[in-house]
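Colleague: Sequence:
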Amino acid sequence: MSKTTPKIEIRLTLEGEMARRFLELKNSWGFESNTDLLRMLITRAYHQEIPYKE
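Position one of the sequence shown corresponds to residue 1 (our numbering), numbered consecutively onward.
Worth flagging that the hints you see were computed from the coordinates, not collected in a lab.
Incorrect hints may appear among the rest.
[What the hints assert, rightly or not] Each pair of labels, with its calculated beta carbon distance range:
# : residue 1 : residue 2 : range
1 : 32        : 52        : 31 to 37 Å
2 : 3         : 39        : 20 to 26 Å
3 : 41        : 7         : 26 to 32 Å
4 : 43        : 19        : 17 to 23 Å
The C-beta atom is built at its ideal place from N, Cα and C for all residues, glycine as well.
Throw the hints in and build the complete structure from the sequences for me.
Modeller: Given below as structure tokens:
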């Protein structure tokens, strides 16, 4: 039996205050792509919530 890697596709529309916050983080952290910022946010949240795993 083969193991498959999970795959999630996300399409997200942010408006108003949420869009402003996202862009502020993107500019502050120097990201050029929205995807890279989203990956960083997921990674940071993961390490905050599950600090002792991996």
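Colleague: Run every hint past the structure and note whether it holds.
Modeller: Here is what the structure says about each hint:
Taking the beta carbon of each, residue 32 and residue 52 are about 32 Å apart, inside 31 to 37 Å as hinted. The hinted range of 20 to 26 Å is satisfied by residue 3 and residue 39, whose Cβ atoms lie roughly 22 Å apart. A beta carbon spacing of about 19 Å between residue 41 and residue 7 contradicts the range 26 to 32 Å that was offered as a hint. Distance hint for residue 43 and residue 19: a CB-CB separation of about 21 Å, consistent with the stated range 17 to 23 Å.
Violated hint: 3 only; the structure is consistent with all others.
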